[in-house]
Amino acid sequence: MQALLSSQQLSDTIKQLAAELNKVHADKKDVIFVGIQQGGAVIGGLIVAELQKMDPSQKAQYGQLDITFYRDDIRKEILAPDAMNMPFNIENKTVVLIDDVLFTGRTIKAALDTLLDYGRPAKVELCVLIDRKEHRQFPIQADYVGKTVETKKSEKVKLVNGEVVLL
Amino acid sequence: MQLSTRHLLGIKNLTKEDISLILSTAEQFKEVLQRPVKKVPSLRDVTIVNLFYENSTRTRFSFELAEKRLSADTINFAASTSSAAKGETLLDTVNNILSMKVNMVVMRHSASGAPHFLAQHIPASVINAGDGINEHPTQGLLDAFSIKEKTGKLEGNKVAIIGDIMHSRVAQSNIYLLKKMGAEVTVCGPPTLIPKYISEALGVNVSYNLKETLDWCDVANVLRIQLERQNQVLFSSLREYSIAYGITRKLLDRLHKEIVIMHPGPINRGVELDSDVADSKQSIILQQVENGVAVRMAVLYLLSGRKN
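Those protein sequence lines, which keep their order, are chains A and B.
The numbers in our numbering rise by one with no breaks, and the one at position 98 of the first sequence is 98.
The numbers in our numbering rise by one with no breaks, and the one at position 208 of the second sequence is 208.
Keep in mind that the hints were calculated from the coordinates and are not lab data.
Don't take every hint at face value.
Stated by the list, open to error - Pairwise CB distance ranges, derived in the manner of DEER restraints:
#, chain 1, residue 1, chain 2, residue 2, range
1, A, GLY45, B, SER83, 53 to 63 Å
2, A, GLU91, B, GLU88, 44 to 54 Å
3, B, LYS38, A, GLN38, 22 to 32 Å
4, A, LYS59, B, LEU227, 54 to 64 Å
5, A, ILE140, B, LYS179, 19 to 29 Å
6, A, GLU20, B, PHE61, 46 to 56 Å
7, A, GLY45, B, LYS179, 53 to 63 Å
8, B, ASN96, A, MET1, 54 to 64 Å
Note that CB positions come from ideal geometry on N, CA and C, so glycine has one too.
With the sequences and hints as input, model every part of the structure.
This is the structure we're talking about:
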């Protein structure tokens, strides 16, 4: 087990991503931050908490998206869904999708399919903590990246006890 | 997590974990039904036949809508307008349908055990939509979902099932489910409509007194008097039944609490339930119907994973 981000580095990376997002989205009125279940929802929660600290005057809208019903490998294994929490109208808003690890791109494709069933956003951006860039299977890239890492395809990147590790 | 079975034949052979999984999955499908696009692509490679050998409006529509909301392809079969009327056997009919690449069968039949028979002889998943006087598992599940949604729990709830227990597959599925999930159940009705050994067999309380039962319960699930299933006279008249076991506003007003009123439909208004009870705010009858779609989506989704 190799640590990709220690707990201190994780916390710094979250702050760095929040700062980037805060700069681009200084006005939060028409922005919705959405964490993808399960890992992305954890990271999203941390990022949005930082955003809120940086700019307490505006409320950052934050939801969680579950993609279980939209997975393209659904016939391989039926999974129990996680909670969906999207209590806002995304029509003509900017949605920032947040995930922990960007790997093949299939999760993000499913997340986009899920998101569009809630309305037609003006723009969708992608923010990820870890980018495993060389393993992409779909033409998808992130707008905000915490750290790009080189990994073997068979390896797994996970958040364990407040650290990001390679298994 | 997966269901322990590849068919839904009854609540009797589900585990507590199966029931919890179906109910929690149904919560997520209920959320899907509130969205602008009330549809997910999960079952777009699945074809389902709805095989109704017995009349149904609510259950058939509910299954069909659940299938469509999951993007499945569906075909509908009604015995009265099919070759079954020409004498084709059940198994021949189903095998002919399955040869057209159908993956799942939803069946209602007037013979108890018909879906169990089918499940033993065909490769597709079978879902029981009501078999004779045996079980109606999706109704049991949607009733439990509705009770949980309204009261926040199943365990420890006191649920009364009132009316024709003898001929009711809804009662049987409800009893199995509620007992498995730790609720207390009392069945109430005239002695002629309650099976003699039900207390010993299913672990429920039996009462012939409606007022006492209403005093005891948190939830009253009122059953329809099934005139079509009675070959013999089991009570003297509908009017007399209504006087002894019909739920009226007056009866509910004298209770010192507000109980939840449920009914699987269709209601015989003025017989088992008065209109001012059925349409009151303590009745969750229409929520039951709404929840039925979400619960059936959960069942179809969870069973669709098992390859033939």
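Margin query: Could you work out which of the previously given hints the structure breaks and list their numbers from low to high?
Written below: 5, 7
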